[in-house]
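Participant: Line order of the protein sequences matches chains A and B. Residues 15 to 305, numbered by our numbering, are exactly what the first sequence covers, in order. Residues -2 to 294, numbered by our numbering, are exactly what the second sequence covers, in order.
Keep in mind the hints are simulated off the structure, nothing from the lab. Careful, some of the hints might be misleading.
Keeping only pairs whose Cα atoms sit at most 27 Å apart, straight-line, the calculated DSSO-like set for lysine-lysine is [unchecked claim]:
hint: 1; chain 1: B; residue 1: K93; chain 2: A; residue 2: K293
hint: 2; chain 1: B; residue 1: K93; chain 2: A; residue 2: K132
hint: 3; chain 1: B; residue 1: K2; chain 2: A; residue 2: K185
Every beta carbon over 10 Å from chain B, so not counted as near; a handful from chain A, in silico [said to hold, decoys possible]:
hint: 4; residue: I24
hint: 5; residue: S80
hint: 6; residue: Y86
hint: 7; residue: S91
hint: 8; residue: P94
hint: 9; residue: A111
hint: 10; residue: A120
hint: 11; residue: V135
hint: 12; residue: N187
hint: 13; residue: P192
hint: 14; residue: R219
hint: 15; residue: I279
None of the values given here were measured: they were computed from a predicted structure. Built from N, CA and C at the ideal position, the CB exists for glycine as well.
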Amino acid sequence: MAKTDTYQEIERTAARRKKGMRTTTYILLTLWALIVLFPFYWMLLTSIKSYGAYNSEYIPQFITLSPTLQNYADAFSAVPLGRYLLNTFIFTVATTAIMMVVITLAAFAFARLNFRGKNLVFTLFLALMMIPNELVIITNFATITNMNMRNSFLGLILPSVTSVFYIYLLKENFAQVPDSLYYAAKVDGTSDLKYLCKVMVPICRPTLITIVILKVIECWNSYVWPRLITDDERYFLVSNGIQEIRENGFGRENIPAMMAAVVVISLPLIVLFLIFREKIMAGVSRGGTKG
Amino acid sequence: MEKNKLKGWLYLLPAILFLGCFMVYPLIDVFVYSFEESYNFASQTYQGTGGFNFAYVLHDTYFLQAVKNTFLMVIITVPLSTGIALLISVGLSSIKPLRRLFQTVYFLPYVTNTLAVGLVFMILFKKTEYTDGLVNLLIHWFGGESVDFISGPYWAKMFVMCFYIIWVVMPFKILLLTSALLSVDQSYYNAAKVDGTSGARIFRKITLPMISPTIFYLVITGFIGAFKEYSDAVALFGTNLNAAGMNTIVGYVYDMLYGDSGGYPSYASAAAIILFVIVLTITCINLLISSKHTTYN
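Could you build all of it, start to finish, from the sequences and the hints given here?
Facilitator: Okay, structure coming up:
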């Protein structure tokens, strides 16, 4: 009898410990979730506080009872936020579109076409993956300046329309498409280009979408190159725009309006992320590097 | 065959052109720049060749400050972020309900513009004449003295910097570690349970070896990323990082190239090459260590 008691005792302790473990885990996870979410909450909250209310709070308030959208109106009228957004949109779409064409053609050549020197060129391409951007940006800056392309979309876009890593990623995917499809297409007299567009691209769509998403995130957040190459406000992207707003915008420090701008800038990618959650997370674990 | 050969090159042409112009040529040119003394951007002339640029950079107090800052950031953030990410990932992989929600939340910093969110961090930590800021409010609650984290003492600025870097790099690490943990074969754990192995021992002897390739991958990319730290510093302290005393090596390169203190591509090139050598050395050391301790199955 006594033995079963201790056995039950042991089981109960184990269950209690397991429950304690579980609770600790959830507390820890919630804590980190709060740390991650808090800045987002704070920017939203501050962006709907009125200028007067914000500046009279010596002790910051965690809620606001009189929300206002005035800051959003200010953000679009006092500084050219709409312009920054439009520029970033153009930059992102153009860069991504051109890059997709360039890397698809290159990946196709590596994966399907046979020509002398292919392996050598491919090895050289792979070697380029190790070159950090910081090393080549100096000359690129000089090149673009000498070509008189500062403060232009061409200057912004051209240096970032190829990525060896994405060529590699796509080539691996293209190589998995069975050869028999290619020969069947050849027998039917299909041209290489048509085969690429009608067969390869549809089959490898998931990888292509992954690359597009990663590139869009990269473009939307790019800061260093646009900062070097633009000093005319008409060509600023959002990152430079926000820096400009911080240093010169809104006259006296109008923090609620700045936060409204921050919300507007952050929103597109967050929405994109919430829609394509699975794709983005799978894509980043395959090809992301940030961190 | 002859036609096919040409065609292959034709498909590669755009990629080769772009890479040639914006990667291969600059790569050679950066070394040329770094050995040309007193190069002038406007007239495109230089006075001699030699190692002067490297000597100048290595004796520049701003550069030494940047090196010190960068090394501190690397040493603090890489182990801390990897450790915390591991802790969170272990927690995340041990629960079922709410896991997806937590994963989604944890990933958010990855898709946000670092300049924009950095501004929020600045406001949370900054002390102005109107308000002490939220973080100082918390410090007050716990009975501490308020500190200006953005333009105050060095350690305070370094603290915010490291905190923000960790906040930014965490999503990537949690994502990779969680998927590595979830892909460990469950039968190993069952076997260990049958043998009555303790939880800590299971973690050390099964989990860690199984996910060691991912950990080392994260450590290596973490080192590389932290050495190239720049945008996050600008987000917190503004574009004039030298004045804030928080410049990084990459920041030094860009400052030498452009901006108020710019116009010296030779110094910038020399600094960039020094950075590249540092990163290459550290990566090689990491690879050597990892090849000894990593288990691949």
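Participant: Against each hint, give a clear statement of whether it holds in the structure.
Facilitator: Results of checking the hints against the structure:
no. : hint              : in the structure
1   : B/K93 with A/K293 : holds (21 Å)
2   : B/K93 with A/K132 : violated (48 Å)
3   : B/K2 with A/K185  : holds (18 Å)
4   : I24               : holds (13 Å)
5   : S80               : holds (18 Å)
6   : Y86               : holds (15 Å)
7   : S91               : holds (19 Å)
8   : P94               : holds (16 Å)
9   : A111              : holds (13 Å)
10  : A120              : violated (4 Å)
11  : V135              : violated (7 Å)
12  : N187              : holds (16 Å)
13  : P192              : holds (20 Å)
14  : R219              : holds (20 Å)
15  : I279              : violated (5 Å)
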